[in-house]
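Trainee: Following the hints, complete the assembly by docking chain R onto the known chain E.
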Amino acid sequence: MKSVDDRNLGLGRLYAQALLDLADEQGNADELLEELTELARYLESHPDLVELFGSPLVEADTRAATIEKLFRGRASDLLVDALQVINRKGRLGSLRAIAEAYRQELRDRRGQVDVLIRTAVPLTGGLRARLSDSLAQFTGRTPTLIEKVDPSVIGGLVVEVAGTKIDTSVASRLKSLGAALERRASEEIHRGTAAYTSE
Amino acid sequence: MKFKVDEIASVITEEIRRYRTDIDLSEVGKVLEVGDGIARIYGLTGAMAGERLEFQNGAFGQVFNLEEDSVGAVVLGDYLGIREGDEVRRTGELLSVPCGPALIGRVVDPLGRPLDGKGVIETPHRRPLEFKAPGIAERQPVNEPLQTGVKAVDAMIPIGRGQRELIIGDRKTGKTAVALDAILNQKGGDVICVYVAIGQKESTVVGLVDKLRENGALDYTIVISASAADPSPLQYIAPYAGAAMAEYFMYAQGRATLVVYDDLSKQAQSYRQLSLLLRRPPGREAYPGDVFYLHSRLLERSVKLREEFGIVPKDTPADSIDRSLAVKHPQGLEAPAEQRPDDVYGLFHRPHGKEKAEAWLATLSDKDKYRVHRFPDTGGSMTALPIIETLEGEVSAYIPTNVISITDGQIYLEQDLFFAGVRPAINVGISVSRVGGNAQRKSMKRVAGTLRLDLAAFRDLEAFAQLGTELDPATQRQLDRGQRMVELLKQPQYRPYNVNEQVISIFAGANGFLDDLPVGEVLKFEGALLQHVANEHPEIYEELDRTRDLSKELAEKIRTVIRDFKTHARAQAA
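Heads up: the sequence lines are chains E and R, in that order. With the working numbering applied, the first sequence closes on residue 226, and no number is skipped along the way. With the working numbering applied, the second sequence closes on residue 576, and no number is skipped along the way.
The shape of chain E in the complex, shown without the other chains:
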């Protein structure tokens, strides 16, 4: 799934929270997540539908009718009703953000957290388990590892979790060593180059 513009997430969170409250009441929060994910994927493959939802040129009534025709009976009533409300507020364009916010909100309430891990080589099973354990301790939640193999890391790990970045990579150490050498060089030049040259 394409990443969602963070700017819309704040807005999406409002709808997502309300939706989640209702779904929790009815006890089908997980089903709704599946439906929303499915919907988001469907929208991705149908850009013309996104345009229809997002365009101010189309009247709300037309859109409402389209929603009824497309989804009523195929999706849960809760979702269709939610879509109608979102349509009335003119926020159908932010549907993908709402879906993403819903996913994050649900995981948050379940005490789960996404962790992005970048390594130069794929993680081995033992390492993955150890990482999971220590991250669970660090965050106090159940981590879901999203792994990425990125050769530019060179070695070590870069872990990003809930706005915090833990960087033990060889790349960043080399970078800071480079900066230290550069600083030393400029100090030495400032002091004079006599010690390093001869006639």
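Treat the hints as calculated values from the structure; they're not laboratory data. Using N, Cα and C, we set each Cβ at its ideal position, and we do this for glycine too. Treat the hints with care, as some may be off.
[Said to hold, decoys possible] Calculated cross-link-like contacts (lysine-lysine; reagent style PhoX-like; alpha-carbon spacing at most 20 Å):
1) 203/R - 174/R
2) 175/E - 32/R
3) 316/R - 371/R
4) 192/E - 202/E
5) 213/R - 203/R
6) 192/E - 32/R
[As the list claims (entries may be wrong)] Computed from the model, here is a short list of chain E residues facing chain R with C-beta under 10 Å:
7) 196
8) 200
9) 212
Mentor: Just chain R now, kept in the frame of chain E:
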């Protein structure tokens, strides 16, 4: 020339061997949008207001707005190199600048980075950009003069150390010249000067630095420049950086400092730009609501700190700042008034701290083991000369009225006077110094006491006389005197007058010695007279410096000297 490769390699090896790094754990956010020197950043939920941020391209930022999902930050440096989605990390510290003696004689940007090509500035000291002004307990009233070397200012609008005196006027009326002369006049003295150029042309700043260097003033001056081409965040922080650098000398070394903010109208404009881009609501003249606080918190940092004395063991070094060495009076704050300490730590403060400490010391049985110690980091001061540019003499615009109300007086420069040849073009009628009078030397007070009123009366008469009416002799005399006094207060640029020279010169004018000279000859006569006194009667200057007063006998002596000099000059001319 050959490079010693081994030498270089060994330094690098050593550096690598010493290199240690901890696990890098930091809170990061992502740039949502960037432009015109500001950035909106998603995340950074733990960021503090005013915190320093680091962008992926190495630029620094400062947190301005804390919003629900994002923070608004200003970018100090190259914002063109920042892209959407870039990583931004918190540093956990407020913005600070390097300070200390290493900066003296240097030209730096508002973050303390050198602009003069003289290499890195190595100093272990840093101070926060924003620093809360001292409270009433740490201050003392302004009581020591800061000589500007400008006759009209020192005589009629005296400035004291720790005072904020606004220099206000239209463009090209000599505002910077007055401030620059005040810096030049500190040569040989104990004052550290900081000149902050905000939003000026680089060429102007270069010219100014050259003038400072030519006159040997760079030996005690720091120049901070945020030119018109620099991003507005840098222009906005420049005065705070200047204040922070001066504060080092004031708080750590107890020294007197002079800071010139040239000029604050441009700083207010850059702050307005930032605020509007950050979508803070605009108010009058589109300035944000806190533009008054912008200047008041800056100028409140100008202060004359109190002096602190204590009774310490005799072998305490003179530069000790350890307050715990002070012996406490057994009765504490209940002690008799003439030897009562001023705080619970047993220290004595101005105005009579030294006398009280000595009085108590004299009553001690083992007084030979102790001495009165003045803590050397106390008694410092920061004098501010903010500059405001007006349009068409309009002092009732928003920013000028704000700064006028914050400062302890203003020096008002007028274009009409400037073009009439009165330079410095100070309008002494509406220029005031609200606190400097207490700091003026007695000698100057005696000669210049009535000068302001006389000049005001002269201006009234002058307008009247232009009608061409017949004047009685008394009025005519007053007019003649006025014209000569105005002439006497003219002064070329880069030629600050010593306070004693000013006393002699104004004494000559006020006592009518110039009345029979043609107006055009006044300055020539003054120059020759001062030369004569310096060469033939140096004891007059010595006496003035020693007593700081003008006794009746000394006044009589000066009178005789001037009279003799005049007769002599006449005889030579004839």
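Trainee: Each of the hints needs a verdict: does it hold here or not?
Mentor: To see whether the hints hold, each was checked on the structure:
1. 203/R - 174/R: Roughly 14 Å between the alpha carbons, so the hint for residue 203/R and residue 174/R holds.
2. 175/E - 32/R: This hinted pair holds, its Cα atoms lying about 19 Å apart.
3. 316/R - 371/R: holds, 5 Å
4. 192/E - 202/E: It holds: about 16 Å lies between the C-alpha atoms, which stays within 20 Å.
5. 213/R - 203/R: holds, 16 Å
6. 192/E - 32/R: holds, 12 Å
7. 196: With Cβ-Cβ at 9 Å, under 10 Å, it holds.
8. 200: holds, 6 Å
9. 212: holds, 9 Å
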